[in-house]
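Asker: Sequence order for the protein chains is A and B.
Counting in the working numbering, the first sequence runs from 26 upward without gaps.
Counting in the working numbering, the second sequence runs from 30 upward without gaps.
Note that these hints are calculated values from the structure, not bench results.
Each hint should be verified, as a subset may be incorrect.
[As the list claims (entries may be wrong)] In silico DSBU-like links for lysine-lysine, alpha-carbon gap of 35 Å or less:
| # | chain 1 | residue 1 | chain 2 | residue 2 |
| --- | --- | --- | --- | --- |
| 1 | A | Lys28 | B | Lys94 |
| 2 | B | Lys86 | B | Lys40 |
| 3 | B | Lys47 | B | Lys86 |
| 4 | A | Lys77 | B | Lys86 |
| 5 | A | Lys28 | B | Lys86 |
| 6 | B | Lys94 | B | Lys40 |
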Amino acid sequence: LAKTTQPPSMEAYEGQEVNVSCSHTNIATSEYIYWYRQVPHQGPQFIIQGYKDYVVNEVASLFISADRKLSTLSLPWVSLRDAAVYYCIVGGSGSWQLIFGSGTQLTVMP
Amino acid sequence: EAAVTQSPRSKVAVTGGKVTLSCHQTNNHDYMYWYRQDTGHGLRLIHYSYVADSTEKGDIPDGYKASRPSQENFSLILELASLSQTAVYFCASSDWGNYAEQFFGPGTRLTVL
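One chain only, chain B, in its complex shape (with noise of 0.2 Å):
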């Protein structure tokens, strides 16, 4: 049974348009992230959160923002998305005290037209 789910799995948006993309976790960890994925790179951090209610930025949270709304819901948000936002976008948590040990979901591949 997945312990960090994503929805949707695929999207194509429109330039300009708003995305939501949605990440849900079981494993009762504090510690939730957004990564995007460029095709053939690692991963990027954009915006992580430690507790419900508040989120922080990453090393590229330009364009994005995101909304923790409780322990287990973790959302990033592209208000005006654009081209190059054209990426895998995957969500993580970890447990308070073993950063490290990031349990990744499945991804979500957004396609932006």
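This is chain A alone, in the form it adopts within the complex (with noise of 0.2 Å):
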């Protein structure tokens, strides 16, 4: 499983976009971007998922680089019940495990 790179912290104002970025410079032609994230005192919860290209869901949007080596989760107008650790996982579409990294740690302020 291709390991992850993420910053392991960022900080936003509520109403900007933030950006979250991850590089996977080993990700194999099978495998998948997946995007969890998670609050204080509770368990992960899915955001999106992406092959390629640029996905866009209800939470966030993801955009994948044309080499797949880098993503960037991109969350608009952020507010403070966004501030949670957000990780970034790459799998194989086929694969059950889940591999969390130390993640990236977002501070919203007011």
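Reassemble the complex: the two chains are provided individually, in unrelated frames, and hints are given to aid placement.
Answerer: Set out below in structure tokens:
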């Protein structure tokens, strides 16, 4: 399974757009990119997944570079509720195993 | 209405004692998982199951047993609890064919003294 690298922490003000980057230089052709977030005292929550190009859902958007070695999770108009640890995970489409790294701690300021 | 529930939500156990953590899901999912999370770190997989009456080892199974008596229920058993097993334990479930979209429970905070 490919290893991912994320910034350990980020800060933003309410209402800003936040972009969380993730490097996965050894991603295999069979692997997808998944993003989860975890707020304090709760389990992780799935946000979005993608293979290439651009994916969007009601919560976030995910941009994947052409060589698939870099992905960026974009959160529009963050609020205090978006303060969480964001995990970027890479795995095969048939792989049940999620390997959580240390993630990116997002702090949102009023 | 929560689809993955865990009990107890917190527990204090003594070293050498037996601890059972329970998980129940109403997602009708085939896969269930047990993870542990140590303070400031990501989650690590202990055991998982893809069908009732069968369990598989994850990355860190030593010191843990698992039991899946039905599709809805998955237990984690610490036969001889140790100080190093103090952590938060999360249960999750996922559907066959969409393994990576896992639904997590609220966690059980276990303190072993």
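Asker: Each hint: holds or not?
Answerer: Taking the hints in turn, this is what the structure says about them:
1. A:Lys28 to B:Lys94: 28 Å, holds
2. B:Lys86 to B:Lys40: The given pair, whose Cα atoms are some 24 Å apart, holds under the 35 Å limit.
3. B:Lys47 to B:Lys86: 20 Å, holds
4. A:Lys77 to B:Lys86: At roughly 32 Å apart (the allowed maximum being 35 Å), B:Lys86 and A:Lys77 satisfy the hint.
5. A:Lys28 to B:Lys86: 21 Å, holds
6. B:Lys94 to B:Lys40: This hinted pair holds, its Cα atoms lying about 18 Å apart.
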